[in-house]
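I would like the entire structure built from these sequences, with the hints used as guidance.
So the number in the numbering used here is just where the residue sits in the sequence shown, counting from 1, plus 6.
Treat each hint with caution, since some may be false.
Unchecked claim - BS3-like cross-link-like pairs, simulated, lysine-lysine; straight-line CA separation at most 25 Å:
1) Lys153 <-> Lys230
2) Lys240 <-> Lys167
3) Lys234 <-> Lys261
4) Lys167 <-> Lys261
5) Lys281 <-> Lys291
6) Lys253 <-> Lys280
7) Lys265 <-> Lys294
8) Lys230 <-> Lys258
9) Lys258 <-> Lys291
Said to hold, decoys possible - Now the in silico label distances, taken between C-beta atoms and shown as ranges:
10) Lys291 <-> Asn49: 27 to 35 Å
11) Asn46 <-> Lys265: 44 to 52 Å
12) Pro73 <-> Val26: 46 to 54 Å
13) Lys21 <-> Asp238: 46 to 54 Å
Calculated from the structure, these hints are not laboratory results. It should be emphasised that the depicted structure is a prediction, and the values quoted were computed from it without experimental measurement. Here a beta-carbon is modelled for each residue, glycine too, at the ideal position from N, C-alpha and C.
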Amino acid sequence: MHPRNLHTNSSYNFKQLALVNPDLEPFIVQNSHTNGLTINFSNPKAVIALNKALLIHHYQLKNWELPQGFLCPPIPSRVDYIHHVSDLLTKENQQVKGLDIGVGANAIYTILGVQVYGWEMVGCDINLQSVHAAQQNIDFTPSLAEKVTIIHQTDNANIFKGIIQPNDYFHFTMCNPPFYSSEEDASKNASQKLKNLGKGASELNFGGQHSELWCNGGEVLFLKRMIKQSADFKTQVGYFTSLVSRKENLPKLEKQLKKLKANYTIIPMEHGNKKTRLIAWSFMKSFKY
Numbered sequence: 007m008h009p010r011n012l013h014t015n016s017s018y019n020f021k022q023l024a025l026v027n028p029d030l031e032p033f034i035v036q037n038s039h040t041n042g043l044t045i046n047f048s049n050p051k052a053v054i055a056l057n058k059a060l061l062i063h064h065y066q067l068k069n070w071e072l073p074q075g076f077l078c079p080p081i082p083s084r085v086d087y088i089h090h091v092s093d094l095l096t097k098e099n100q101q102v103k104g105l106d107i108g109v110g111a112n113a114i115y116t117i118l119g120v121q122v123y124g125w126e127m128v129g130c131d132i133n134l135q136s137v138h139a140a141q142q143n144i145d146f147t148p149s150l151a152e153k154v155t156i157i158h159q160t161d162n163a164n165i166f167k168g169i170i171q172p173n174d175y176f177h178f179t180m181c182n183p184p185f186y187s188s189e190e191d192a193s194k195n196a197s198q199k200l201k202n203l204g205k206g207a208s209e210l211n212f213g214g215q216h217s218e219l220w221c222n223g224g225e226v227l228f229l230k231r232m233i234k235q236s237a238d239f240k241t242q243v244g245y246f247t248s249l250v251s252r253k254e255n256l257p258k259l260e261k262q263l264k265k266l267k268a269n270y271t272i273i274p275m276e277h278g279n280k281k282t283r284l285i286a287w288s289f290m291k292s293f294k295y
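The structure is reproduced here in structure tokens:
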């Protein structure tokens with residue numbers, strides 16, 4: 007994990023977390039392997055209760071709610087992304103403004119950007135229910151509401167157009183793109199995860215709506231489209247960034263970036279047994295990382 011990540015210690019103080027979110031208490035059980043405390047991480051309600059406790063305890067939120075069936079993000083890995091973006095930015099005394107593409111109902115990157123670094127954030131999403139839920143999560147904490155704007159992207163064909171206005175400048179954009187190419191692909195992957203956990207394949211423990219989990223062409227085509235469209239906003243964004251779940255997608259993305267003569271870097275990220283990576287690109291000559 008990033009050295010500034012508060013969650014480098016993989017164990018949670020469940021008793022302390024339950025004090026700030028009593029809803030977590032019923033899910034805490036004895037860990038038969040360590041004799042410590044844990045929760046059933048295959049239970050979506052338990053994971054949501056844990057996330058809420060982490061956000062209240064570590065990131066000073068007043069409240070955080072997630073509608074049933076929406077993507078529930080792991081906080082430690084999400085804040086890692088935020089720290090790596092911070093490393094990209096110059097350390098000038100300026101108010102940083104970021105754009106979260108696909109903010110989701112959880113609004114997690116937007117929330118962490120403000121609460122960790124005091125950035126001004128704009129979050130956008132094509133799912134109107136996600137937009138409403140994200141706005142509610144922002145409004146729970148007045149200090150967030152002062153620095154966050156949530157926008158509905160009404161055109162599925164566009165990623166930046168309609169969101170970035172002519173006079174806007176964003177120091178960075180970020181995105182956790184849809185991983186899968188279809189609902190069948192997402193369900194198959196979830197079933198394998200639950201099988202590995204020894205659970206019945208009845209539901210996604212991390213949740214997720216259509217727009218959050220899959221799109222035509224999956225991750226690689228979504229990101230190729232993002233890269234292509236980013237060229238139209240090269241003077242209005244310092245760094246474009248995104249998570250890349252599948253390592254085998256990188257060569258196609260690098261080819262697209264080279265074609266557009268963009269500078270780029272790939273930053274490895276590791277959380278427990280999970281390995282992922284962050285791709286960042288820019289059309290600035292003074293590209294830094």
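Results for each hint:
1. Lys153 <-> Lys230: Outside the cut-off at roughly 30 Å; violated.
2. Lys240 <-> Lys167: holds (12 Å)
3. Lys234 <-> Lys261: holds (11 Å)
4. Lys167 <-> Lys261: At roughly 23 Å apart (the allowed maximum being 25 Å), Lys261 and Lys167 satisfy the hint.
5. Lys281 <-> Lys291: Violated, at about 30 Å.
6. Lys253 <-> Lys280: holds (12 Å)
7. Lys265 <-> Lys294: Holds, because 20 Å separates the two Cα atoms, which is no more than 25 Å.
8. Lys230 <-> Lys258: Between Lys230 and Lys258 the Cα gap is close to 8 Å, so the pair holds against 25 Å.
9. Lys258 <-> Lys291: Judged against 25 Å, a Cα distance of about 23 Å means the pair holds.
10. Lys291 <-> Asn49: 27 to 35 Å: violated (50 Å)
11. Asn46 <-> Lys265: 44 to 52 Å: holds (47 Å)
12. Pro73 <-> Val26: 46 to 54 Å: At 21 Å between Cβs, range violated.
13. Lys21 <-> Asp238: 46 to 54 Å: At 51 Å between Cβs, range holds.
The structure is inconsistent with the numbered hints 1, 5, 10 and 12, although it conforms to all the rest.
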